[in-house]
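Engineer: Each chain, written out:
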Amino acid sequence: MRFHYIIGILLILSGCGDNSQLDHPASNSDNIEENIPEELIVEYAENFQLQRIDQGYLIEIINPNTGKIEKSFKVRNDEPKRIISLTATLNGMLSILNSTELIVGISDINYIHSPEIRKRFKQGKITEYGDETTYSIEKTISSQANTILYSGFGDEFPNHKKLEKIGFLIIPIYDWRENDPLGKAEWIKLVGILTGKEQEAIALFENVKAQYRETQNLVRNTNSDPTVISGNLIGDIWYAPAGDSYMAKMISDAGGIYKYKDIQGTGSVERSIEQILKDNHETDIWINPGLGTKRQIGKMNPHARHLKAYNNLYCYSTNMNLFWERSAAEPHLVLSDLIHIFHPEIAGANELFFYEKITE
Amino acid sequence: MKAELRNKVLLLAVVCALPAFALLHLLAGQVDIQPGEFYDSLVNFNPKNTNHLIAREIRIPRMTMSIIAGGALSIAGLLMQNLFNNPLAGPYVLGINSGSSLFVAFSFMTGIPLLTSDMGTITSALIGAFLFGLIIMSFSYLVKSHISLLLIGLMLGSFTSALVYILQSVSTAEELKAFTMWAMGSLQHVELSQLPLIITLFVLGSLGTLFIVKPMNILVIGEQNAKLLGINIRTVRLIIISITALLTGLITAYCGPIAFVGLAIPNLVRIIFKTQHHGTLLLASALIGGIFLLSCDIIIQVLEEYIHIPINAFTSLVGAPFVVFIVLKRLA
Amino acid sequence: MIEFNNAHIGYNETIISIESLILKKSNVYILAGRNGAGKSTLLKTITKQEKLLNGDILFNGISISNIRENNVAKHLAFVQSTFPKIDFMKVKDFVSLGRAPHTNALGRLHQLDIEKTKKAIKALEIDHLSEKFTSELSDGERQMVAIAKAIAQETDIVLLDEPTAFLDYANKIKVLNLLKKIASEMNKCIILSSHDIDLSIESHCTFIVISRNEKKIHLLKAPINKTEVLKIAFS
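These protein sequences, in sequence, are chains U, C and X. For the first sequence, position 318 matches number 318 in the numbering used here, and the numbering has no gaps at all. For the second sequence, position 183 matches number 1183 in the numbering used here, and the numbering has no gaps at all. For the third sequence, position 227 matches number 2227 in the numbering used here, and the numbering has no gaps at all.
It should be emphasised that the hints constitute simulated quantities derived from the structure, not laboratory data. This one's a predicted model, so the numbers in the text were calculated from it and none came from an experiment. Be aware that one or more of the hints could be misleading.
[Stated by the list, open to error] Subject to a maximum C-alpha distance of 25 Å in a straight line, what follows is the list of computed PhoX-like cross-link-like pairs (lysine-lysine):
| hint | chain 1 | residue 1 | chain 2 | residue 2 |
| --- | --- | --- | --- | --- |
| 1 | X | Lys2132 | C | Lys1274 |
| 2 | U | Lys308 | C | Lys1329 |
| 3 | C | Lys1008 | X | Lys2024 |
| 4 | C | Lys1008 | X | Lys2090 |
| 5 | C | Lys1048 | U | Lys278 |
| 6 | C | Lys1177 | C | Lys1008 |
| 7 | U | Lys119 | U | Lys139 |
| 8 | C | Lys1002 | X | Lys2118 |
| 9 | X | Lys2074 | C | Lys1274 |
| 10 | X | Lys2074 | X | Lys2132 |
| 11 | C | Lys1329 | X | Lys2118 |
| 12 | X | Lys2051 | X | Lys2085 |
| 13 | U | Lys278 | U | Lys162 |
| 14 | U | Lys125 | U | Lys139 |
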């Protein structure tokens, strides 16, 4: 069914024709005060804001740690973007919006799933830049790019003053800090603006919203919900999502009972293996161990096999690149996967899109 | 006579202290478990009882490993300090630990099927230690002075570290993370079923030192002088190295590298017992090493709800100032 | 006693050639010569730390080539010029290390060993230092301790490499006199190398003077003429 849905989107896009020929509201009328389309209003995302301005939009990125605006910039309709994208989720969104031709740089081809991007890379139209720590400023300056997208981590992008002087637009992306699955998906609106495809972005997001609600409804009347644990031991500490985090919400929306859902916070909860055993010895399902085989998990966590859920283990790591690129924009698919895992009895849930059961 | 009596009393005190610390350690975890439950978990194990599970599968192995790691590394450290006549030598100076690291790095990062099996990490570490032990033993037979041996060991260590570094730079993020985690060291990754082998190897290694108590007592006056008192240096070197390789390799295999214990404890023991009788020093090092690591881990567990401190960080925090103290004392 | 038969001493080339020499028990011999003449080399050859290039050296009739390196301890004791730096080593424990060639594999000291240790300490007149740490002693006292260890080893032959080099005048005399006493009372053959010719002459011991040019040794009995010594050593 998801395939039909995607084809539906493609139909809409093709129906729209070439976007650059569409009349943008701004270029159409002289009325500077025309409101942005209602659907462009940011409803769920907390880390960016939009405003309509003359000939384009004003976008503000909010630092989730300080709550203050970290970056504020204008996007005008007539300025083509050539993008170095160092974040997988935005690569995914650019793919979904069919705007991969705007990408001239990525971080590492090994982490790319999108066939279009891979093809362009093979054709030599996309260069690798590594991550923020190994970033080469000379390479950037000599490239054809004018925009850099990177996962905001609180600090400034290396050499950002120099690059901005030359004319680069450097945008920290905080979709990964959104706690609401729909808030994450909503960043496609920002991508829509950057690519000049706001309408498609809106349509996509509305669809995602609807799909998500619909999928959520499947578990409204379930009788018994399974208990769930997420995360794994790293070194001597188990990191599990805290109660207000994205994954905790997902689990709840999918009709699962998560032990740590009442622990406040949007980051991780740390527990010793002892406590995990105490709290989750009889837990039914284990998701997101971060590794793809029981062997690897056993290496990092020799006591894992004492969890009952060791035999009910699901992870998206078998195709991580797909997960990183698509899950943010299509949270309803993640939700659907989780529902399928938690409530196999529900007919409406499909085969797994991202997740796989780990058997060996 | 006073001094001998004093040392005997001290030893007795340490022997009694060890089980006390062991018990404290068992009870130091965040989950509340009563002493009686530990006994039950071994004798009347109920798999449905989480406390039994934790007591048996987590606490008892962790406690045992703390003692054995502390003891083994301290003995190995004492052996190295004796062989090289240098109080700043530790169990890792011969580069044996680097051999373990290298092979563990292989097992995490090149995906060789045999080495990435369930036993992969431990087997790799043991193989690495054994191989490097052999290499060092061969050199030991060839070189005249122990300083040459020390230099070779250090260079071997550097070379291997470089190799590991290169391996890290060509590995994936997950592999890198897994190896980094291993290299941080941990007392908690041991399973109950592995204890019999660990204990056996530890006992073997420790008992092996009985054969060299006399040579060690004499080696403190220097290799040349020891030779002139009838000690067969080549043989003694080989025995010291093989025991060190066994004990160090054992601990590295099951815990990863653990810093400072092997270096600091023998020095502390010498300062407390004020003797060069290596029978006493070996026994005291093993016991006090065990008590030390138990104490570190107890404190770590007590602080766990406020802050997590990895074992290596803790031993370094405590050990480094102590080593500085020794160096200054020596220079005075 | 030690017998030299056409012994060639040196590293790669012969620097001393001893055609025939017998060193007897109850005697103290002083090894003298210029720097580089081969005093240390000679001593090291006797202790098998250096190879004998040619000829033979016999200890009480046994050829040096028939003695294994770690069995040398049964025949001779060696005292180095510098005392090893050790923490927490009691004098009595240090001296008892000399019993090592006689003790079992565990190094256990029997009553006999304890007595021999005490006897050695007494002979060197350092009873009062017995319970002290060697690190607390003066240089002179440490030298006495080192010699005591050699005595405790109970060998016929004792070799000392520059034992008086770092001592003050009073201690130098003391050491020489003690060695003479031990040699005669315990019937030992004691050989020591020394730079201090005046002092050595005063001691009335027999000299073994190495002539660097001739690559030979000259045995000079007391009373010794200083000029003669200098002539041989520095010609």
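Engineer: For which of the previously enumerated hints does the structure constitute a violation, in increasing order of number?
Structural biologist: 2, 3, 6, 9, 10, 11, 12 and 13
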